[in-house]
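For this one, chain A is given, so just place chain B with the ligand on it according to the hints.
Here the protein sequences come in this chain order: A and B.
So that you can map any letter, position 111 of the first sequence is 111 in our numbering, and since no number is skipped, the others follow by simple counting.
So that you can map any letter, position 105 of the second sequence is 1105 in our numbering, and since no number is skipped, the others follow by simple counting.
For the record, the hints were derived by calculation from the structure and aren't laboratory data.
Given the structure is predicted, the values throughout are model-derived calculations rather than measurements.
Watch out, some of these pointers could steer you wrong.
Stated by the list, open to error - Rough simulated footprint, nothing fancy, chain A against chain B, three-plus residues with beta-carbon under 8 Å:
1) 1018 to 1026
2) 1150 to 1159
Stated by the list, open to error - Derived SDA-like pairs: lysine to any residue, alpha-carbon spacing no greater than 25 Å straight-line:
3) B:Lys1153 <-> A:Lys6
4) A:Lys300 <-> B:Gly1024
5) A:Lys313 <-> B:Leu1007
6) B:Lys1140 <-> A:Arg43
7) A:Lys6 <-> A:Ile129
8) A:Lys300 <-> B:Ala1062
9) B:Lys1153 <-> A:Lys300
10) B:Lys1140 <-> A:Trp42
11) B:Lys1010 <-> A:Val39
All C-beta atoms in this analysis are idealised placements derived from N, C-alpha and C, irrespective of residue type, glycine included.
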Amino acid sequence: MKIANKVKGLPPSGIRKFFDLASSIPDVISLGVGEPDFVTPWRVREASIYALERGYTTYTSNWGLLELRELISKYMFDATGVDYSPKNETLVTTGVSEGIDLAVRAIVDPGDEVLVVEPSYVSYRPCVIMAGGTPVSVSASVDNDFKVTREDLEAKITDRTTAVIMNYPNNPTGAIMPRKDLEEIADLAVERDLMIISDEVYEKMTYEGKHASIASFNGMRDNTIALNGFSKAFAMTGWRLGYACGNAEVIEAMMKVHQYTMLCAPITAQMAAIEALKNGQDDMRQMIDEYNRRRRVIVKGFNDLGLSCFEPKGAFYAFPSVKSTGLTDEQFSERLLYEKHVIAVPGSVFGESGVGHLRCSYATSMEQIKEALGRIADLLQEIQKEQAPKIRTKS
Amino acid sequence: MREVLELLEKDARLTPKEIAEQTGMDEAEVANFVAAMEARGVIKRYKAIVDWDKFGDEAVYAIIEVSVSLDRGVGYDSIAERISKFPEVVNCMLVSGDHDLNLLIKGKTMKELAFFVAEKIAPLQQVQHTATHFMLRAYKTEGEIMFDREEDKRLVVHP
Ligand SMILES: Cc1ncc(COP(=O)(O)O)c(C=O)c1O
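Isolated chain A, as found in the complex (with noise of 0.2 Å):
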């Protein structure tokens, strides 16, 4: 059979084969799930069900319903301070996946090269590949605070760099921008004419003050793709539901796409995402206090510990650093799971600069993560036990 050399060329996903182990380990505690802990609050589901009482199982326009366009449109400028008119600015995708794919194909031709901020969500390189692009590693240091800086881009910027592609607040890192570091960027895309795709799916979910935008800054609305989406904020990941905002130039490029491929997004999980912004603030803001209950405690956990943690102050996950232990993070990730039924993702797995962190996920309850922390106890003090005589010949 023949398969295209491009999805031939795709990497494994290799980490799902070896944690597809894991769901047969009855007691395991999983900090390795990147969605919320969260069922989609009532309301939202109760609004859907409602919506396929009445009949409402068609197409939409392909730009998704203008109700909810409209809302999107005033929710992303209370969020962001940016206007996007709900006509043809603001298109509803399936998903902030879609958004990515979209985005990377409307401004991609072959051989354009697009930098990849890193450590980073695992479907940018891919997206860029399909598009016929040629994705280029950035990587973002635990020294600056995984914080992307004008020089690291510089550093790859080639004649044929088209687009940048980050993601603030980050997984895996839980790294945020805030405007003064976000600054620098939008000068040199403004310098260089590069297009940002903004993967602002973790937005809502910031710690320390509001989320900024990179679109927000002087000439950046139209050099900024902003993808957002229902997944993380309202937990919403099964419903497959996000947008893209920007100039209405690209945004009508990417409804091309959109059209003939997706035609539009599902019309059950529209509706849901109406009474979602329409009602569904107080249902976010409680998960969103929840989820910083649960980053104090596993932040100080690590740190106690001696896994060294810088603070995350967005997204809802930790990234502490296992060198101490000695071990790489694929064995410390792997041990974890086989002796101690803990999952973490080994920070490899999200590029360079993910080399020597694990991936812990908070969107779990607070007393599985306290357990975790537990058995993570054990397992380092069983690694001390065994490199105790080895230091003991040294000296």
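Same frame as chain A, now just chain B with the ligand:
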């Protein structure tokens, strides 16, 4: 500070240390605040929400609608206070609409509750009329839903 009360309202057994870790406050600060709230009566009491049905006890509940005619000098508060002092009365509130006081009462048998209403509530001078609704089943009590929790259906790993 509000957050401390919200946490305790959900789980009264949280220690000041745990609350401090979760909120980023100081442990002593939490302890002092809780003590102050107890002293002011903002925190009235700590108790468990018990599903007596599950335990095997056959408790009987009824909602009683009470219509009151006020005498000169006797307001709702004093009649409500009088009714509230009976241990059978779980909740007592003044409501708008076609009756005045709305009670939730608890007893061991229907007969016991019927007699309680007949002997203690109905004969009160200001009480004009009562209507008794026996509870057949509780679905949600004090914010607790009596249905099974929705289980976690997520895959164990998602990048
Ligand atoms: C950074 C990032 N972007 C996008 C997604 C996918 O979001 P959606 O469910 O909206 O497709 C995820 C999900 O884990 C993510 O972490």
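Notebook entry, point to check: Is B:Lys1140 within 25 Å of A:Arg43, Cα to Cα?
Noted result: Distance ~16 Å between B:Lys1140 and A:Arg43 Cα, so the pair holds.
Notebook entry, point to check: Regarding the pair A:Lys6 and A:Ile129, is the alpha-carbon distance no greater than 25 Å?
Noted result: 7 Å, holds
Notebook entry, point to check: CA of A:Lys300 to CA of B:Gly1024, is that 25 Å or under?
Noted result: Status holds; Cα separation ~10 Å.
Margin query: At least three residues with a C-beta closer than 8 Å to a C-beta of chain A: is that true for the region 1150 to 1159 of chain B?
Written below: Holds, because 8 residues of the region 1150 to 1159 of chain B bring their Cβ atoms closer than 8 Å to Cβ atoms of chain A.
Next item on the list: Starting from A:Lys313, check that the Cα of B:Leu1007 is at most 25 Å away, please.
Entry: Holds, because 22 Å separates the two Cα atoms, which is no more than 25 Å.
Note to self: With the threshold set at 25 Å, check whether the alpha-carbon distance from B:Lys1010 to A:Val39 stays at or below it.
What the structure shows: 18 Å, holds
Next item on the list: Mind checking the alpha carbons of A:Lys300 and B:Ala1062 for me, to see if they're no more than 25 Å apart?
Entry: 49 Å, violated
Notebook entry, point to check: If you draw a straight line from the CA of B:Lys1153 to the CA of A:Lys300, is it 25 Å or shorter?
Noted result: Cα-Cα ~29 Å, so violated.
Notebook entry, point to check: Between B:Lys1140 and A:Trp42, does the CA-CA distance stay at or below 25 Å?
Noted result: 15 Å, holds
Next item on the list: Quick one: see if chain A covers the region 1018 to 1026 of chain B, three-plus residues with Cβ-Cβ under 8 Å.
Entry: n = 4 at 8 Å, threshold three: holds.
Notebook entry, point to check: Does the alpha-carbon distance linking B:Lys1153 and A:Lys6 stay inside the 25 Å limit?
Noted result: Not satisfied, since the Cα-Cα distance of roughly 33 Å exceeds 25 Å.
Of the numbered hints given earlier, the model fails hints 3, 8, 9; all others are met.
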